[in-house]
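Protein chains: 2
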Amino acid sequence: MDYRKTFFVEPDRKLKLNDLDPASTPGVESKQQAADVLEAARQRLAHQQNLLYAEKKHSLLIVLQGTDAAGKDGVIARAFASFNAQGVAVANFKEPTSVELAHDFLWRVHPHAPTKGWVAIFNRSHYEDVLITRVHKLIDEKTVIDRIARIRDFETLLAENGATILKFFLHISKEEQLARFEKRLLDPERNWKISEADYAELPFWDDYVKATEEALNATSTMRAPWYVIPSNHKWFRDVAISTIVADALEDLGMRFPKPSVDLDDIRRKYHAALLAEKAGK
Amino acid sequence: MDYRKTFFVEPDRKLKLNDLDPASTPGVESKQQAADVLEAARQRLAHQQNLLYAEKKHSLLIVLQGTDAAGKDGVIARAFASFNAQGVAVANFKEPTSVELAHDFLWRVHPHAPTKGWVAIFNRSHYEDVLITRVHKLIDEKTVIDRIARIRDFETLLAENGATILKFFLHISKEEQLARFEKRLLDPERNWKISEADYAELPFWDDYVKATEEALNATSTMRAPWYVIPSNHKWFRDVAISTIVADALEDLGMRFPKPSVDLDDIRRKYHAALLAEKAGK
Numbered sequence: 001m002d003y004r005k006t007f008f009v010e011p012d013r014k015l016k017l018n019d020l021d022p023a024s025t026p027g028v029e030s031k032q033q034a035a036d037v038l039e040a041a042r043q044r045l046a047h048q049q050n051l052l053y054a055e056k057k058h059s060l061l062i063v064l065q066g067t068d069a070a071g072k073d074g075v076i077a078r079a080f081a082s083f084n085a086q087g088v089a090v091a092n093f094k095e096p097t098s099v100e101l102a103h104d105f106l107w108r109v110h111p112h113a114p115t116k117g118w119v120a121i122f123n124r125s126h127y128e129d130v131l132i133t134r135v136h137k138l139i140d141e142k143t144v145i146d147r148i149a150r151i152r153d154f155e156t157l158l159a160e161n162g163a164t165i166l167k168f169f170l171h172i173s174k175e176e177q178l179a180r181f182e183k184r185l186l187d188p189e190r191n192w193k194i195s196e197a198d199y200a201e202l203p204f205w206d207d208y209v210k211a212t213e214e215a216l217n218a219t220s221t222m223r224a225p226w227y228v229i230p231s232n233h234k235w236f237r238d239v240a241i242s243t244i245v246a247d248a249l250e251d252l253g254m255r256f257p258k259p260s261v262d263l264d265d266i267r268r269k270y271h272a273a274l275l276a277e278k279a280g281k
Numbered sequence: 001m002d003y004r005k006t007f008f009v010e011p012d013r014k015l016k017l018n019d020l021d022p023a024s025t026p027g028v029e030s031k032q033q034a035a036d037v038l039e040a041a042r043q044r045l046a047h048q049q050n051l052l053y054a055e056k057k058h059s060l061l062i063v064l065q066g067t068d069a070a071g072k073d074g075v076i077a078r079a080f081a082s083f084n085a086q087g088v089a090v091a092n093f094k095e096p097t098s099v100e101l102a103h104d105f106l107w108r109v110h111p112h113a114p115t116k117g118w119v120a121i122f123n124r125s126h127y128e129d130v131l132i133t134r135v136h137k138l139i140d141e142k143t144v145i146d147r148i149a150r151i152r153d154f155e156t157l158l159a160e161n162g163a164t165i166l167k168f169f170l171h172i173s174k175e176e177q178l179a180r181f182e183k184r185l186l187d188p189e190r191n192w193k194i195s196e197a198d199y200a201e202l203p204f205w206d207d208y209v210k211a212t213e214e215a216l217n218a219t220s221t222m223r224a225p226w227y228v229i230p231s232n233h234k235w236f237r238d239v240a241i242s243t244i245v246a247d248a249l250e251d252l253g254m255r256f257p258k259p260s261v262d263l264d265d266i267r268r269k270y271h272a273a274l275l276a277e278k279a280g281k
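Heads up: the sequence lines are chains A and B, in that order. Residues in the first sequence are numbered from 1 upward in steps of one, following UniProt numbering. Residues in the second sequence are numbered from 1 upward in steps of one, following UniProt numbering.
So here's chain A without its partners, still in its complex pose:
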């Protein structure tokens, strides 16, 4: 199943999040089947990362957005578990500092753009600057329009420099979010995470939906596509995202580079003993 087709946000078709079922699991019949597909996708990702690192022609930028408890951390821990830490840089974008606020909104983001050969994962991103800020009216509508244009420009710049950009919105229902908060309350390894702030955004749910729809519609391009991933089922979310990333990397048709030196020359010069041994056999 080509999840890139299924979940792509088409810019010229008005996105309606409420029409998309966050509990759907297309192409996957069972949790067991999901585990098998995930394992296969992880192996593909490990291999492709190896090629990416070797070739150093491309880079990969993965953007993860979603409400609290949508599963952004979980995707990194599970869908991308097979990535080698050497070659992956995760950037978390929290509330900007005063120094960051004294610059344009992309200033703190740009240094985290992926190095060639590397994967950058943005856990939240520059999209917060047209989401939370807009919902809470920290910026006016003119600024929203300007920022969306600047985000498109920025992503074009990265793409033209060899970045594959894949953006995922983890789509869960309000009920699923509350259920996950409830699970956290019961889990001593995770209840330290709970704060009043988790609940502060709940009354703004519909505003977030609207702001998200507009931002995704306006910034989903062939070069920097958005995918809305049904994420009520974690096992489906991980399958869909790992498969999309693996498919996109495989499409690059990467190959291990050719040696830059004459291998026979190296053999003669430095591995005389090896050659002598072979000749003697």
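Derived by calculation from the structure, the hints in this document are not laboratory data. Bear in mind that the values here come from a model prediction, so they are computed numbers and not experimental data. Ideal Cβ positions, reconstructed from N, Cα and C, are used throughout, including at glycine. Certain hints may be false.
Selected chain A positions facing chain B (Cβ under 10 Å, derived; list incomplete) [stated by the list, open to error]:
1) Ala-81
2) Gly-87
3) Phe-181
4) Ser-195
5) Asp-198
6) Tyr-199
7) Ser-260
8) Ile-266
With the hints as your guide, set chain B onto chain A.
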């Protein structure tokens, strides 16, 4: 077996690399046993990293040094395979740029010091500035002495800010290095890595041994210990390093933080439905 005792470089006992057998595998009888110990260590590391990330009181700095083909990349890929990418930052220190050379030698290193809650892995490090530079006489002996003192100061600064510092020298024999180069020649997925430069350091082997011995002796402290890891056998190297890191993290006695809010209060305020449901049962 406490590998931290076995492999610790005692500052007041003159280190002699040639007296240490790089093929030794103390405490491990077989490759199968090694696989089991490695798997156990990986699980311990995953758990401890989770605690580190949750507590955010400590950080971990892992320094990897060794000759070409000693296995630094392999340690990251295998010994640390269970680390969550969100929480690990790998820094590679290659030949300094002209901008970096226009600063003190620690200027480019400091920004990569580990964030609280995170692990930083240095694949090569500030130690190159008293190794390759010294062997090739790019710096004079006075500078070597000064830099070693500054490295000690720098590591004290990091340790006083909550960093656990663990430094590993991957000890292989000259014959093993050549054997690994030969394997690379035969492997189409890796022979692109081969360059004349790999062989250029071979005539300086003994100079590296001497410079390494002196640097390790002078900078191995209780707070920033050096461990010389017998690394001819990759499976032993991974077991020793993963075990040392897991032991050191467990010694910190980390705990998941206590909730910062009154959980009952949260339940009452936001999970009324949950409470009602429970009461009704």
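Hint-by-hint comparison with the structure:
1. Satisfaction of the interface hint for Ala-81/A is found here, the shortest Cβ-Cβ separation to chain B being roughly 8 Å, below the 10 Å cut-off.
2. Evaluation of the Gly-87/A hint against chain B yields a held restraint, the C-beta minimum of about 8 Å falling below 10 Å.
3. With 10 Å as the threshold, the beta carbon of Phe-181/A comes within range of chain B, its nearest partner Cβ sitting at about 7 Å, so the hint holds.
4. For Ser-195/A, the interface hint holds, since its Cβ comes within 10 Å of a Cβ in chain B; the closest pair sits about 6 Å apart.
5. Checking Asp-198/A against chain B by beta carbon gives a least distance of about 9 Å; that is within 10 Å, so the hint holds.
6. Interface hint at Tyr-199/A: satisfied, since its Cβ lies 5 Å from the closest Cβ of chain B, which is below the 10 Å cut-off.
7. The interface hint given for Ser-260/A holds, since its Cβ lies 6 Å from the closest Cβ of chain B, which is under the 10 Å cut-off.
8. With a least beta-carbon distance of about 6 Å to chain B, the hint placing Ile-266/A at the interface is held under the 10 Å criterion.
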